[in-house]
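Place chains B, C and D on chain A using the hints.
Number of protein chains: 4
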Amino acid sequence: MKVYINGEWKEDAVVSVYDRGFMYGEGIYESLRTYNGRLFAPRQHYERLKRSAQLMGLPCKLNYDELISIIQDGIKNLDKDVTIRVMVTTGNGKEPNLLIYIMELQAPHSDLYIYGVDVGISRLRKIPSICLPSTLKTTSHAYLSLARREKGEFYEIIFLNYQGFVAEGTMSNVFLVENGTLVTPSLESDILDGITRRVVIDLARSLGISVEERFVNVDELFNCSELFLTRTSAGIIPVRRIESRTIFENEPSGLTILLSDNFKDYIFNEEKYW
Amino acid sequence: MKVYINGEWKEDAVVSVYDRGFMYGEGIYESLRTYNGRLFAPRQHYERLKRSAQLMGLPCKLNYDELISIIQDGIKNLDKDVTIRVMVTTGNGKEPNLLIYIMELQAPHSDLYIYGVDVGISRLRKIPSICLPSTLKTTSHAYLSLARREKGEFYEIIFLNYQGFVAEGTMSNVFLVENGTLVTPSLESDILDGITRRVVIDLARSLGISVEERFVNVDELFNCSELFLTRTSAGIIPVRRIESRTIFENEPSGLTILLSDNFKDYIFNEEKYW
Amino acid sequence: MKVYINGEWKEDAVVSVYDRGFMYGEGIYESLRTYNGRLFAPRQHYERLKRSAQLMGLPCKLNYDELISIIQDGIKNLDKDVTIRVMVTTGNGKEPNLLIYIMELQAPHSDLYIYGVDVGISRLRKIPSICLPSTLKTTSHAYLSLARREKGEFYEIIFLNYQGFVAEGTMSNVFLVENGTLVTPSLESDILDGITRRVVIDLARSLGISVEERFVNVDELFNCSELFLTRTSAGIIPVRRIESRTIFENEPSGLTILLSDNFKDYIFNEEKYW
Amino acid sequence: MKVYINGEWKEDAVVSVYDRGFMYGEGIYESLRTYNGRLFAPRQHYERLKRSAQLMGLPCKLNYDELISIIQDGIKNLDKDVTIRVMVTTGNGKEPNLLIYIMELQAPHSDLYIYGVDVGISRLRKIPSICLPSTLKTTSHAYLSLARREKGEFYEIIFLNYQGFVAEGTMSNVFLVENGTLVTPSLESDILDGITRRVVIDLARSLGISVEERFVNVDELFNCSELFLTRTSAGIIPVRRIESRTIFENEPSGLTILLSDNFKDYIFNEEKYW
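Protein chains in written order, with the numbering used here: chain A, 3 to 276; chain B, 3 to 276; chain C, 3 to 276; chain D, 3 to 276.
If we strip away everything but chain A, and leave its shape as in the complex, we get (with noise of 0.2 Å):
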């Protein structure tokens, strides 16, 4: 809907084609969101950014009130919530290049929460943390445009790392119930600590639900009770289907209603995602 770009908002902007961004992938970036027209977790995402400019040798020029101050002009005014991409390229190799796109929410038609999603596992695996590290949130997103193509059939296709283990969708975190415990992949699963993730996590802890952080086999995935994906932009997705093993027939229950009925209310309850 609109850029920010060398200190202005447009309708629409250009770069230069040499670019080091256009030209190496060397950028990295930030995916915000608001929620009643107001930043969430912007804290929690500038700490992101900042980890990853240091890993890319990216000068960190704006401090957090700076760069938040920037984004609230950027969306005060706005009649519905919107996903907000903050990104920074290497520019011309000496002058990074600052970029803030207001775009529309990436979220989940209503539906979806309660139909669930149809859920695939990619052939590609996810790049290992010793090659790039998953950290690092940069803008070189070849293999995930990759392995999207591959099975188009589905809303999200889950990676597996390396050695096998369940690691993260392309664009979420992943959740499934067993027994009563809530499991997810650990952060030595070769994925990004999504804040969502951490949402439910916290949050499930709250509500006195056992979690276990670890490696994740695959034959999980196809014999838990309930599965659902976290994502900033749509919160908490239950998945219906993965592959030709169908979770739930008529509609999803269990922990996954239980904390999406809570998350809102947690969220907005919590001063540090303010």
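Just so you know, the hints here were simulated from the structure itself, not pulled from any lab data. Predicted model, so just to flag it, every value in this text is computed and none were measured. Mixed in with the good hints there might be a few duds.
Put simply, identical chains are the same to the list, so a pair is met inside one copy or across any two.
[Unchecked claim] No farther apart than 30 Å at their CA atoms in a straight line, the calculated lysine-lysine pairs in the DSSO-like style are these:
hint, residue 1, residue 2
1, K82, K96
2, K153, K52
3, K63, K153
4, K96, K153
5, K12, K96
6, K78, K12
7, K266, K78
Below, chains B, C and D without anything else, positioned relative to chain A:
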């Protein structure tokens, strides 16, 4: 120096900030060069570009003759040899974006062929083909930038693959000499099948030198008698030192020199490269 | 039932506690069986034994005819089919120790061919060939004992390899059927090239069934229409259930039955197995 | 020299050929030694034996005092130091088999402490803990025999782990010195937590030496200033040469000698080892 975009050659040019090559690294490329003004190995580079395009699901709108004719147009009347970067991004997702950059040849000073270069070993490993096919030349190059940043003092950084076998440099292939045999990592080592790599293998065999393409252990880098790199823009580059181990004291010799001395004659006489 | 050692058949026997097969697991073996009193695939087992012996540096003192003649002597006049374990240890380090055990056939009850068996997936992974060649049948089997201990409720436990692809069971090879195609892990999956595995592949092809030997993903075990195991002592064993997923409700059918029905005729008519 | 089996000390002894330790390598062991006739680190070895027994599902019928009292009985009145191998096999599957071997100390000639030893790098990799826990000392040692066979000219062969990081020798742990820091592979490198390894780490720290337990890259073996091995029977063994790279020309020096000179005093004064 100049760039071809949207059907025109320009001094400088821009792309939309919404180009998916800029936002998500969804692009592919090839780097060609000229020798005495003539385009080297255009057919081989075109075949690789087509393979990359298929992997990324990019339509190849130009056939071989059309593409080469544009490049020929761009390099005519130049007074020195150049590097040509052909790059295709997914653009806005509907129409791919073709760019051709004519750039200064990234060749080492001629001194380097006598003094050799120093190389290090990356602490980051080459991305396995099961994650991102090593035959795909994508613009999603953040991992290369990370690796180069880490060991800035070296001319080149050599990647090991996930299993710890020698793979390739950030911009070159690796060869070593052991007991008179030329050894280089096999394609199964998660490497790109570099065109100059193939030239050197063929040239060596034509000279009666025994060549092994196989998994190469790290200790072989420290126990070999010769070590050199190959890359399109520079041909054969002798390695003087790897980490703290000196490979040669005075001047490069042996197969390194034999192959270098015969390199240009060999390629000029092979019709398939022109 | 009886054992051949030091040139003699005995009811029972002992070895020195200093035998390196006992102290260090330095031994190799093959398990053969009889059908109607006739030795099955002796030539194929001998070739594998010889390959194992070479890998372990054990001299093969007996040629094919000598070894088979001893075995024939041991199995003559038996009133039911048996398993024959041929085992060679490094002995005292100078003189290897040859043992031949004649043992009760480790075949499942005939009921199992109708009811099928339940299998689990091991949490331990198959040892990679780069650590211990999967073509080497060694007596160093502690990892098999560990895997069986872990999931005692199942008839068989399936190993994944280091990268998380399906490998093989602790005592069997694995086949599945997908869209009418017979699929089994390729030899590159760190498996043993089981003799019954090879029989089933050849038999299937002779019946016009399409066969794929390739990397098999874990999710395929949960999404296939048929699943069965092969092992020398038992032939083809249908799998009813894998972990909590039921593969068939009533009786095995499809290719499992087609192959089982043709199995004995096929091997009895193939001269190379006798 | 003598062996304890079935409650008795004997010159020589035998086991049934049906012992599962012989047929399937189902056994565990520990190697202890004496210093001046006194048993070194018995408590530590007992704890490791118990851990191995639990992993293999072997009942530990003897408590610490009972086992040590048998060993003390076996080593009394010996005129030189010995190696004691305590070994438990699953026996006939019902009753485990306990054996205690008193054997000549497998220590290098004292010359070796001055001249050092030559070591090679195995082409076989250490079995990953996800396949066979590296904390389990099993008698299933075929892979060690294979590795030693491959490079017979060296005193010791160093394994890399599956990912190509330095792991350990076939019978020793590995240390190196870089810029005055003592570096050794961490337990996450798929190594055994050797008792002498732990002694050396503790001793170094007590001397104010900086110690790093971490993933160690192969190239560090070729770029370090000192390299040594540790093993129970031999203490600290300097390495003169690794593959074709010479580590020291004349005599070992530096931390290798500092640690060696203080080794015996240190262990004799640590009550926990006696």
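So, going through the hints one by one against the coordinates:
Taking identical chains as interchangeable, the C-alpha atoms of K82 and K96 lie at most 30 Å apart only when they sit on different chains, with a minimum of 27 Å there against 37 Å within one chain. Proximity of K153 to K52 under the C-alpha cut-off of 30 Å is restricted to the inter-copy arrangement: shortest distance 22 Å between copies versus 33 Å within a copy. In the homo-oligomer, the alpha carbons of K63 and K153 lie at most 30 Å apart only across protomers (24 Å), although the nearest pairing inside one protomer, at 40 Å, exceeds that limit. Taking identical chains as interchangeable, the C-alpha atoms of K96 and K153 lie at most 30 Å apart only when they sit on different chains, with a minimum of 19 Å there against 40 Å within one chain.
For the homomeric pair K12 and K96, the shortest alpha-carbon distances inside one copy (24 Å) and between copies (23 Å) are both at most 30 Å. Proximity of K78 and K12 under a CA criterion of 30 Å is satisfied intra-copy only: 15 Å inside one chain copy versus 39 Å between copies. With identical chains, the CA atoms of K266 and K78 are at most 30 Å apart within one copy only, with a shortest distance of 22 Å there and 64 Å across copies.
Every hint, counting from the list given before, is met by this structure.
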